[in-house]
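**Student:** Given next are the chains, with one letter for each unit.
Number of protein chains: 2
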Amino acid sequence: MQITDARHTVNHMVHHQARLDTTFAALADVTRRGVLEQLRHADASISDLAQRFEMTLTGMKKHVTVLERAGLVITEKVGRVRTCRLGTHQLEEEAAWIARHQELWSARFDALDEMVEHLKHKEKTDVRNKRT
Amino acid sequence: MQITDARHTVNHMVHHQARLDTTFAALADVTRRGVLEQLRHADASISDLAQRFEMTLTGMKKHVTVLERAGLVITEKVGRVRTCRLGTHQLEEEAAWIARHQELWSARFDALDEMVEHLKHKEKTDVRNKRT
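Protein sequence lines correspond, in order, to chains A and B.
Mapping of the first sequence onto full-length UniProt numbering: position 96 corresponds to residue 96, and the numbering continues sequentially without gaps.
Mapping of the second sequence onto full-length UniProt numbering: position 28 corresponds to residue 28, and the numbering continues sequentially without gaps.
One thing to keep in mind: the hints can contain errors.
Treat identical chains as interchangeable: a pair holds within one or across any two.
Listed below are the simulated DSS-like cross-link pairs for lysine-lysine, each with C-alpha atoms no more than 30 Å apart in a straight line [claimed, not checked]:
#1 Lys130 with Lys120
#2 Lys77 with Lys122
#3 Lys77 with Lys61
#4 Lys62 with Lys77
#5 Lys77 with Lys120
If you're looking for bench data, these hints aren't it; they were derived computationally from the structure.
Turn these sequences into a full structure, and let the hints guide you.
**Tutor:** Listed below in structure tokens is the structure:
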């Protein structure tokens, strides 16, 4: 691998990890998940969202900024109203990370099950051998 | 719905949301995700993990505590060594939340596409009608 290729790969990995950090952090809040659920149905202004979640405008603005940085929400100001809609981030990398964890989790526990079965079988055989 | 049922449902929802908060926050860190990736292959002591991630013992302990609270890691102290292994939390609710977001995201964007197509078609027809 050439140095430029290696540097590109490292850069890509760092960005990938930073994106996962930002997205998972954005999802780690019940209000922010609620805002996304709301925007799946219809666009909404920040004041609509503040009202719906019984929150100050400033509090809601902060949540929307976190979602915007994660690419989960896009906002647009028309006149005095800032409208929020779903961003283009489809959570593909996050879904893939979780799926991979689940897959390897199962593999790991299957291996442990097998080991337990093997030990049980061995114990039975040992007992039988002692009897004979 | 009886009051006890309703209370049960509300409790369930609050717990569900709190669990999502805790898990997504636990996943929002590159070292913690790295620890989980490591434990998918083999159990490890906290000092093994600290060494591998070039971190102080105290720093690693903090990360492991966050993972433990989220049910993603189980630790067991034997003598002076605390061993970490994968917890029983399989991230099912988190995967379901993301899958639902992706599904409704697509539905919302399909609806927008359809609206754009409809407007394009309408424009064409209008132009044609004006010409005749």
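**Student:** Run every hint past the structure and note whether it holds.
**Tutor:** Hints, one by one, checked against the model:
1. Proximity of Lys130 and Lys120 under a CA criterion of 30 Å is satisfied intra-copy only: 15 Å inside one chain copy versus 85 Å between copies.
2. When the C-alpha separation of Lys77 and Lys122 is checked against a cutoff of 30 Å, the pair qualifies only between copies, where the shortest distance is 28 Å, while the shortest distance within a copy is 71 Å.
3. Within a single copy, Lys77 and Lys61 get their C-alpha atoms as close as 13 Å, which meets the 30 Å cut-off; across copies the closest is 45 Å, which misses it.
4. Taking CA atoms no more than 30 Å apart as the test, Lys62 paired with Lys77 passes inside one copy only; the shortest distance there is 16 Å, against 41 Å between copies.
5. In this assembly of identical chains, the alpha carbons of Lys77 and Lys120 lie at most 30 Å apart only when taken from different copies (26 Å versus 67 Å within one copy).
When held up to the earlier numbered hints, the structure conflicts with none and fits them all.
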